[in-house]
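Given these sequences and hints, build the entire structure.
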Amino acid sequence: MTDQDQINAAKEFNALGREAAGAGDYEKGADSFEKAAKIYESMGDRINRGFQLFSLANCYATLTRSDQALDTYRESYALIKDNDKLLEYQAMILNNLGHLCVSMKNYDEGRNSFEKALGIFETMKDEKAQAFQYQNIGSVYRDQRESKNALEAYSQSIAIFEKVGHKLGEADQCTNIAYIYSVDRNTAEALAWYKKAYEIYVDLDEKYKSDLTKTNIEQLEKAM
Numbered sequence: 038m039t040d041q042d043q044i045n046a047a048k049e050f051n052a053l054g055r056e057a058a059g060a061g062d063y064e065k066g067a068d069s070f071e072k073a074a075k076i077y078e079s080m081g082d083r084i085n086r087g088f089q090l091f092s093l094a095n096c097y098a099t100l101t102r103s104d105q106a107l108d109t110y111r112e113s114y115a116l117i118k119d120n121d122k123l124l125e126y127q128a129m130i131l132n133n134l135g136h137l138c139v140s141m142k143n144y145d146e147g148r149n150s151f152e153k154a155l156g157i158f159e160t161m162k163d164e165k166a167q168a169f170q171y172q173n174i175g176s177v178y179r180d181q182r183e184s185k186n187a188l189e190a191y192s193q194s195i196a197i198f199e200k201v202g203h204k205l206g207e208a209d210q211c212t213n214i215a216y217i218y219s220v221d222r223n224t225a226e227a228l229a230w231y232k233k234a235y236e237i238y239v240d241l242d243e244k245y246k247s248d249l250t251k252t253n254i255e256q257l258e259k260a261m
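Those letters in the sequence shown? Residues 38 to 261, per this note's numbering, in order.
Don't read these hints as lab results, they were simulated from the structure.
Misleading hints may appear alongside valid ones.
[Unchecked claim] Below, computed lysine-lysine pairings styled on DSS-like, alpha-carbon distance capped at 25 Å: (1) K162 <-> K122; (2) K246 <-> K233; (3) K204 <-> K244.
These numbers were taken from a predicted model, which means no experiment stands behind them.
As structure tokens, this is what we get:
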């Protein structure tokens with residue numbers, strides 16, 4: 038089989054994988070992406086193998102085969118992390134890896150992944166993406182019950198969302214900050230932040246989030 042034959046076969050497996058995953062058949066998708074990855078490995082093509090492994094890891098994650106997904110995300114990142122032309126792809130892998138680690142309560146690696154993604158988005162000067170990574174970092178600290186660090190990260194996130202005019206992101210950070218204050222029994226601060234979030238949600242016609250935030254406000258006011 039010529040190199041071109043192998044490339045064509047790998048592309049076909051990739052297309053089959055995407056079709057299967059798009060239809061919700063993640064087992065079939067995983068099988069196809071794995072076959073494509075093996076072809077690229079045999080050809081010594083690290084970059085395309087890395088792409089296929091990322092797709093494979095996403096299938097594993099959806100199938101809740103978390104250990105396999107974790108190893109595959111790590112390998113995918115290792116294959117492309119030194120390519121300066123693939124910064125956004127690296128950040129995508131790190132973001133997904135971070136969320137998976139958090140779901141597995143592997144908080145240190147999760148936060149480290151988000152921090153690396155943040156660094157990439159800083160290099161790319163993508164401010165909105167930076168804000169979402171600060172949100173992710175804050176939520177890791179929240180889960181670890183490190184209130185001070187969580188508030189610092191959420192504050193950095195909200196500052197960027199305000200700067201770029203992303204009102205929904207701003208409101209979401211208000212609720213995140215409010216939650217931290219609520220857990221720390223600082224009811225006055227929690228209410229202030231929930232009320233700020235509520236006003237924004239109403240303006241944006243985000244009914245589900247505004248109703249939920251209104252309930253949080255009412256519960257806190259009753260507890261005072």
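Hints, one by one, checked against the model:
no.: 1; hint: K162 <-> K122; in the structure: 15 Å, holds
no.: 2; hint: K246 <-> K233; in the structure: 13 Å, holds
no.: 3; hint: K204 <-> K244; in the structure: 15 Å, holds
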